[in-house]
Amino acid sequence: MSNNPRKRREALVYHAKPKPGKIEVKPTKKYATQRDLSLAYSPGVAEPCLEIEKDKENAYKYTTKGNLVAVISNGTAVLGLGDIGPEASKPVMEGKGLLFKIFADIDVFDIEVDTKDVDKFIETVKNIAPTFGGINLEDIKAPEAFEIEQRLKAELDIPVMHDDQHGTAIISAAALLNALELAKKKIEKVKIVISGAGAAAVSCTKLYKSFGAKAENIVMTDSKGVIRKDRPDLSEEKKEFATSRKIDTLEEAMKNADVFVGLSIADIVSPEMLKSMAKRPIVFAMANPNPEIDYQVAMDTRKDIIMATGRSDHPNQVNNVLGFPFIFRGALDVRATKINEEMKKAAVKALAELAKEAVPEQVNIAYGETRLNFGSDYIIPKPFDPRLIAKVPPAVAKAAMESGVARQPIQDWEKYEEELLERMGSDNKITRLLLNRAKMNPKRIVFAEADHLDVLKAAQIVHDEGVAIPILLGRRGVIEELMHEIDFNEDVLIIDPKSDEEEEHRKAYAQVYWKTRSRSGVTLYDAEKLMRERNYFAAMMVNEGDADGLLSGYSRAYPAVVKPMLELIGMAPGVSRVAATNIMNTSRGPLFISDTSINIDPPAKDLAKIAQMTARTVKLFGLEPVIAMMSYANFGSSKDPHATKVKDAVSYLHRYHPDLNVDGELQADFALNREMLQNKFPFSKLAGKKVNTLIYPNLDSANSTYKLIKELNKVDSIGPIMMGMRRPVHILQLGASVEEIVNMTAVTVVDAQEKEKKQKK
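Just so you know, UniProt numbering puts 244 at position 244 of the sequence shown, and the rest follows in order with no gaps.
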């Protein structure tokens with residue numbers, strides 16, 4: 001809930017436009033012809049119906065049941081909003097469905113039940129359960145949540161989990177195991193304080209006990225203080241964790257405690273309480289958005305602390321998204337009849353083990369780290385870690401099989417892992433990675449056309465989100481008027497290159513430009529005149545260190561913007577040709593397409609250099625480039641010069657860069673269809689590999705391809721990303737959307753980060 005009117009409007013527009021809601025149902029079968037429709041519905045649909053009538057298990061074979069989870073709530077305990085009712089809870093349930101889909105490729109129907117009566121709620125869920133492969137209970141208040149989950153687990157033969165209880169428990173248990181290992185402490189001996197006694201706190205404590213924590217070493221507190229055995233009117237859940245110790249307050253409980261787990265409210269732990277804890281204390285302050293003790297305060301108070309929070313802007317975020325999508329994925333894939341303790345514990349162990357393994361470069365890049373290593377600042381995996389999908393579901397599936405609740409055991413684990421990794425091609429992880437990395441070290445980016453509304457909106461977003469530090473270039477009066485219109489009231493630098501107050505800068509920039517171009521026919525008068533042009537002024541800002549990067553091109557044709565950038569910024573050392581690539585966020589994963597904007601018909605050697613530059617860009621995003629050199633021909637099938645130049649480029653790359661995964665010339669279908677390529681051209685370096693980079697022989701084909709993909713499939717595009725420039729300069733497509741400008745700002749920031757690193761080496 002935001003007190004900012006603009007943020008409130010933005011949130012409402014996000015959920016309302018371009019059409020209401022966040023999820024939808026799409027057909028998975030052909031439906032173009034009458035024959036298709038007769039198979040989809042009457043009369044053809046009768047055949048699977050009859051098969052399912054014979055054996056209900058056939059529903060998994062002929063319907064979506066096996067990949068369909070219900071997210072069910074009555075809206076009695078929504079986020080930090082409380083009892084707001086079923087209708088008001090729907091946006092949250094849709095959001096949960098979105099997370100299921102993007103992290104584990106699980107389809108979701110969200111269902112909001114209008115009753116607070118436990119029996120009626122249970123009856124409703126039981127009656128609709130045949131539709132689903134699993135049930136995720138959400139935002140139901142305690143103590144009803146305990147009974148509802150317990151009874152549904154007992155009475156249904158599909159996985160049921162109340163994520164509010166078990167999600168935090170599973171993630172925090174993984175973090176606790178690793179933190180104890182780092183602190184050189186045994187779970188059987190440590191004294192644990194639990195602040196909070198709600199569903200999550202109870203579930204966390206039970207799970208810790210299952211890993212060896214002793215009841216006599218645990219103290220739980222609620223709003224009335226320490227939960228003691230002699231306190232009257234304790235619920236059954238609280239009785240299990242009542243202590244015999246004669247203490248009443250959290251302050252008393254914290255003395256000599258080894259572990260503090262906060263699932264309560266902000267700022268209830270003082271520095272003095274933290275100081276009273278044992279050596280090498282473990283503190284999980286998970287109240288959100290404000291933890292039980294401020295992260296920096298805690299770190300300043302105890303140098304020996306191992307700390308986790310619920311926040312993404314600190315190390316060790318206890319984030320439920322590390323758990324529920326992958327737990328349900330594993331349970332669904334073996335048709336488990338339930339999610340039992342063995343499966344939850346398997347998820348805990350898998351997460352704990354994953355944090356100890358070498359971290360992929362993609363994760364390091366996402367979090368702006370040189371190298372994430374197991375330690376006090378890294379005790380649980382990051383949500384961006386692509387290995388989660390291949391690590392947690394198999395562990396859960398194996399536990400289901402070993403505990404006897406799997407109805408369809410997995411036989412080929414290698415094949416299963418491949419299938420899991422394939423499921424991860426459909427989301428926009430690379431965009432999230434890009435934005436997250438930019439936020440780690442935001443840079444000063446000039447928006448050369450800030451007097452255009454969409455450009456200014458993008459500048460506002462990157463400012464608010466901490467992606468970049470915007471410098472607004474353009475007509476001051478127009479910019480200020482537009483800022484007022486969109487409630488952009490923050491103190492940001494506005495520069496009007498034509499204004500009198502910028503005369504000193506214009507003259508200084510003109511002098512520098514004239515000295516570099518005086519032998520190319522440029523007079524000082526010409527230079528001073530050019531500095532009144534926004535793109536020349538912006539480029540000189542970057543050259544002279546007054547900005548770290550720039551974005552332009554929103555309102556002008558691409559060639560008109562490229563020219564001053566090449567003149568003023570120039571190419572990086574050792575680069576003889578600049579080029580551009582676009583990232584397409586396709587259903588098969590990110591696809592890099594080059595050269596989409598610069599080179600009209602590059603010769604073979606330049607084509608090879610474009611492939612090399614693109615490979616470096618792909619690696620910048622933590623991916624290993626697998627490059628197909630595109631043509632209308634396959635491996636010498638045409639002797640036409642248009643095809644042979646691609647062949648020559650490939651020969652050059654194979655000779656001088658043998659470690660590069662590149663081959664061609666190839667037609668698009670062979671490049672993108674692994675089976676076709678393997679069957680027809682098994683000798684290719686790309687055989688059996690998933691191509692993620694396409695290098696086209698000319699601008700016509702590359703530009704047309706990326707725009708066709710973008711428009712026909714409504715695919716998000718990031719680019720064009722300029723490659724080979726001396727400074728971080730990127731040129732937008734004419735009329736780029738706000739989202740595209742935001743993404744390109746992040747690209748510019750990351751580019752600036754990388755160039756800064758190289759300068760320091």
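Hints listed in this document are in silico derivations from the structure and should not be mistaken for laboratory results. Treat the hints with care, since some could be wrong.
Derived DEER-like restraints, expressed as beta-carbon distance ranges [as the list claims (entries may be wrong)]:
{"hint": "1", "residue 1": "S651", "residue 2": "K760", "range": "33 to 41 Å"}
{"hint": "2", "residue 1": "K507", "residue 2": "K689", "range": "52 to 60 Å"}
{"hint": "3", "residue 1": "G688", "residue 2": "P130", "range": "15 to 23 Å"}
{"hint": "4", "residue 1": "D157", "residue 2": "K189", "range": "35 to 43 Å"}
{"hint": "5", "residue 1": "E480", "residue 2": "P271", "range": "39 to 47 Å"}
{"hint": "6", "residue 1": "R517", "residue 2": "P559", "range": "55 to 63 Å"}
{"hint": "7", "residue 1": "P18", "residue 2": "K563", "range": "32 to 40 Å"}
{"hint": "8", "residue 1": "K189", "residue 2": "V297", "range": "24 to 32 Å"}
The structure displayed is predicted, hence computed values, not measured ones. Quick reminder that beta carbons are idealized off the backbone N, C-alpha and C, glycines included.
Outcome of range test on Cβ distance (S651, K760; 33 to 41 Å): For S651 and K760 the Cβ distance comes to about 37 Å; the hint holds.
K563 and P18 - C-beta distance against the hinted 32 to 40 Å: holds (36 Å)
Cβ separation of E480 and P271, checked against the hinted range 39 to 47 Å: holds (44 Å)
Range hint compliance [Cβ, K189 to V297, 24 to 32 Å]: holds (28 Å)
Satisfaction of the hinted span 35 to 43 Å by the C-beta atoms belonging to D157 and K189: holds (40 Å)
Distance restraint hint 15 to 23 Å, applied to the beta-carbon atoms of G688 and P130: violated (41 Å)
Supplied distance hint 55 to 63 Å, evaluated on CB atoms of R517 and P559: violated (19 Å)
Outcome for the supplied range 52 to 60 Å, where the beta carbon pair is K507 and K689: Given a distance of about 56 Å, which is inside 52 to 60 Å, the answer is holds.
Hint compliance for this structure: hints 3, 6 are broken, all remaining hints hold.
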